[in-house]
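Enquirer: Here the protein sequences line up with chains G and A, keeping their order. The opening position of the first sequence corresponds to residue 46 in my numbering, with each subsequent residue numbered one higher. The opening position of the second sequence corresponds to residue 24 in my numbering, with each subsequent residue numbered one higher.
Any given hint could be a false lead.
To be verified - Here are the in silico distance ranges between beta carbons for each label pair:
{"id": "1", "chain 1": "A", "residue 1": "P550", "chain 2": "G", "residue 2": "E85", "range": "25 to 35 Å"}
{"id": "2", "chain 1": "G", "residue 1": "F177", "chain 2": "A", "residue 2": "A321", "range": "37 to 47 Å"}
{"id": "3", "chain 1": "A", "residue 1": "E546", "chain 2": "G", "residue 2": "A174", "range": "24 to 34 Å"}
{"id": "4", "chain 1": "A", "residue 1": "A167", "chain 2": "G", "residue 2": "F57", "range": "47 to 57 Å"}
What the hints assert, rightly or not - Restricting the straight-line Cα-Cα distance to at most 30 Å, the calculated cross-link-like pairs of lysine-lysine (DSS-like) are:
{"id": "5", "chain 1": "A", "residue 1": "K445", "chain 2": "G", "residue 2": "K93"}
{"id": "6", "chain 1": "A", "residue 1": "K330", "chain 2": "A", "residue 2": "K219"}
{"id": "7", "chain 1": "A", "residue 1": "K392", "chain 2": "A", "residue 2": "K340"}
{"id": "8", "chain 1": "G", "residue 1": "K83", "chain 2": "A", "residue 2": "K557"}
What the hints assert, rightly or not - Selected chain G positions facing chain A (Cβ under 7 Å, derived; list incomplete):
{"id": "9", "residue": "K93"}
{"id": "10", "residue": "N94"}
{"id": "11", "residue": "S152"}
{"id": "12", "residue": "I153"}
{"id": "13", "residue": "P190"}
Calculated from the structure, these hints are not laboratory results. A virtual CB, placed ideally from N, CA and C, is assigned to each residue, including glycine.
Below are the chains, spelled out letter by letter.
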Amino acid sequence: MIIGALLLGSLFFLPMWNITLEAPQYPDSIGMNIFINKFEDANPNDIKNINIMNHYVGMQDIPERIPEFELFPYFVIGMMALGVVFGIIGKRRLYLAWFVLMVVLGSIAMYDFYLWEYNYGHNLKANAAIQFTDEKGQPMAYQPPLIGSKMILNFRATSMPRSGAYLLAVGMALSVAAFIQSKKEAK
Amino acid sequence: MKNQSKFLFYLLSLAALLVTFSCGQGGDAGKGAIGGNAAQRVYVNPGEHDEFYAFISGGFSGQLSVYGLPSGRLFRVIPVFSQDPEKAYGYNEETKPLLNTSFGFVPWDDAHHPDLSQTNGEIDGRWVFINGNNTPRIARISLATFETEEIIELPNSAGNHSSSFVTENTEYVVAGTRFSVPVPQADLPISEYKGKFKGAISFIKVDQESGRMNLDFQIMMPGFNYDLAHPGRGKSHGWMFFTTYNTEEASTLLEVNASQNDKDFIAAINWKMAEELIAKGEFTTMPTEYAHNVYDEATHSATSTIKKEVRVIDPSKYPGLVYLLPTPKSPHGMDVDPTGEYIIGSGKLAASMTAHSFTKMQDAIANKKFDGDAYGIPILNYDDIVGGQVTQAGLGPLHTEFDGEGNAYTTFFISSEVVKWKLGTWEVLDRQPCYYSVGHLMIPGGNSQKPFGKYLVAMNKITKDRYLPTGPELTQSAQLYDISGDKMQLLLDFPTIGEPHYAAGAPADLIKKRQTKIYKLEENMHPYAVKNEKETRVERDGNVVRIYMSTIRSHFAPDNIEGIKVGDKVYFHVTNLEQDYDVPHGISMIGANTSELLIMPGQTETFVWEPKRVGVWPFYCTDFCSALHQEMQGYIRVSPKDSNVKLSWSLDGE
Chain G
46 MIIGALLLGS LFFLPMWNIT LEAPQYPDSI GMNIFINKFE DANPNDIKNI NIMNHYVGMQ
106 DIPERIPEFE LFPYFVIGMM ALGVVFGIIG KRRLYLAWFV LMVVLGSIAM YDFYLWEYNY
166 GHNLKANAAI QFTDEKGQPM AYQPPLIGSK MILNFRATSM PRSGAYLLAV GMALSVAAFI
226 QSKKEAK
Chain A
24 MKNQSKFLFY LLSLAALLVT FSCGQGGDAG KGAIGGNAAQ RVYVNPGEHD EFYAFISGGF
84 SGQLSVYGLP SGRLFRVIPV FSQDPEKAYG YNEETKPLLN TSFGFVPWDD AHHPDLSQTN
144 GEIDGRWVFI NGNNTPRIAR ISLATFETEE IIELPNSAGN HSSSFVTENT EYVVAGTRFS
204 VPVPQADLPI SEYKGKFKGA ISFIKVDQES GRMNLDFQIM MPGFNYDLAH PGRGKSHGWM
264 FFTTYNTEEA STLLEVNASQ NDKDFIAAIN WKMAEELIAK GEFTTMPTEY AHNVYDEATH
324 SATSTIKKEV RVIDPSKYPG LVYLLPTPKS PHGMDVDPTG EYIIGSGKLA ASMTAHSFTK
384 MQDAIANKKF DGDAYGIPIL NYDDIVGGQV TQAGLGPLHT EFDGEGNAYT TFFISSEVVK
444 WKLGTWEVLD RQPCYYSVGH LMIPGGNSQK PFGKYLVAMN KITKDRYLPT GPELTQSAQL
504 YDISGDKMQL LLDFPTIGEP HYAAGAPADL IKKRQTKIYK LEENMHPYAV KNEKETRVER
564 DGNVVRIYMS TIRSHFAPDN IEGIKVGDKV YFHVTNLEQD YDVPHGISMI GANTSELLIM
624 PGQTETFVWE PKRVGVWPFY CTDFCSALHQ EMQGYIRVSP KDSNVKLSWS LDGE
């Protein structure tokens, strides 16, 4: 249980999520890694180059900071501490409670991520140089997928969890394992 | 090569044609020489890369061209000694100093012999050097940026031809003078040539980290003409060999008067010994003047410094420093085989080629077997040092390179062919015609211990009917042969820039991995750079106006400027804020008496505009940068000289 909780610490130095854009003109692809406290270039200058491209259709620049970056680290530290404390107390119901809390918080984070993506893809400058419409005549949206791939104009946008998120999943799985194991031992 | 062989060419062109046709190379020759799958072997699939880079001299264009092998596709013309408006080289304020000399700004030269840097006798892909023949200069070009980074002028030289050859660890680049001249220059009757004119051989030291060149010393040789050179390697490392002609020391009608001696010399210079002499202070310091021009990648700007003295060694005073090796008839090509044993001089007026043995040369020196001297420099005995002869191989041997498997390949100008022969047995193995009148040849890594013996490029002096005609002046031309089998096979003709004198080739992987893709904006130290749009501005100091401008897809900042007056001197300092691979921006201003700028990501360049007429004048981006490239433009309002329109600038009203 304690190991599972401590695995959350990896989120401070491993990316949680990644969005990659591929197009014929970008044989090396461009993208960004999302951490709990920052956006980072997948390759040097990628975010700058994404912003340059996206400004033609009126998209906002990817911000250097968002409010979530201030909050997320506290949640992560809090959950780590809680997990360690629960581990020391050693009550199996607490293990389950930690897991459930993680699922709830994780879902909120995903929903928040979706909202940010929605805004990023829909909130376009009115005077954009290029204003495409979809087949229904509505202004084209450039929202990247929450998870998976989709074509946005000439780009294939792929959004996938990265090592930080995988370790987080392992941590959560460990808490469930701890719960099951201690249940067996109780019998 | 062009100039000196011009007379030779007229003299012998009839013979050349006779030989060409009598050997059955006319008519359908082209078809006969090409194997059935030649096209396949030079075809590089779309999107795939060539196996080798070839750096082919641009001759009288003054530039260096970059080709792929085996495709023969041209990738880039690197401006070196000549202005290039496409790249603003020699036009923008940053690169003008590169073309400075002790004679002032010289915007052209005759570029001859590129040579690649080496480490432990193998090419290493760091730099390529090339000589300017007319106003003696040596340039160093970075193979990370493919830009000319440095040009050093050579004093006491004239016709910088036996240059720019690199020693085994790039310790030195050497440069020998083709024309001997009075040293120091003096108001002399030309008839006093003999004995009074000198031939300076320059040794330029190369800093292994930065590549910076420094004219270390000159050896002041007798007044012969120094034609070509190659370094010793392996066992002969530490020596440099130079072919000479006009050992007759004629100053007029050289086509006859410099062709009288049965043998001229190869000068063997022990540069390791010269280095020791310099270290011991055994030299004289001579006042002179030469320019040293350096481009700094951090400031994106070049500076030119005039140097005032040079260290000179008199070889007659130091026994053991130089020996003269008699070699038949005005040898041109000067080549050393990959083991360093054979020193091959191609006597261009001789029927056979001589390979001197380095081992025999050492023995003769040890036993002091000399055959007199020339101006105090010992002459070795031809029979004591000759290692072998390739007899009756062809007419007019010019230049030899090697495949690393014991074979040598020599071009023959008059009989217009390339001949493959074996080192040691001296037997001719194969011959293939060239179209026409081949000068030099190149095998990638040819001037090193480790040649890559797969392809051979022959560079021809004459094309005649090989391509679609283009008026009286025809394209220059090279030909590619596959030399991987027992017999050479002609694969491809391809056009070249200017007259290709010489070339150097390298495996693509050696150079691809070193490429600079962008210049980092935060490392830009140009004094007039801007790092972001907020820093863009316009400043006036008297009639000098400096525009600190930026470019990023797809606009200039600022793009509206007012308050410029007739008679102003307006500097456009333009920084490309892009940090993406292959996104340069260009800029040009109507009526500017200079070229466009073409600015790489993260770079700053400057052009000067002196507005002459009142009005509103546009400027625009010249490089198709993006979907809205056509909209990348701006205006400058020019008011009368005495106007009081305030200096102002803006982008989108801000």
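Enquirer: Taking the earlier hints as the rules, which of them does this structure contradict?
Expert: 4, 5, 11, 12 and 13
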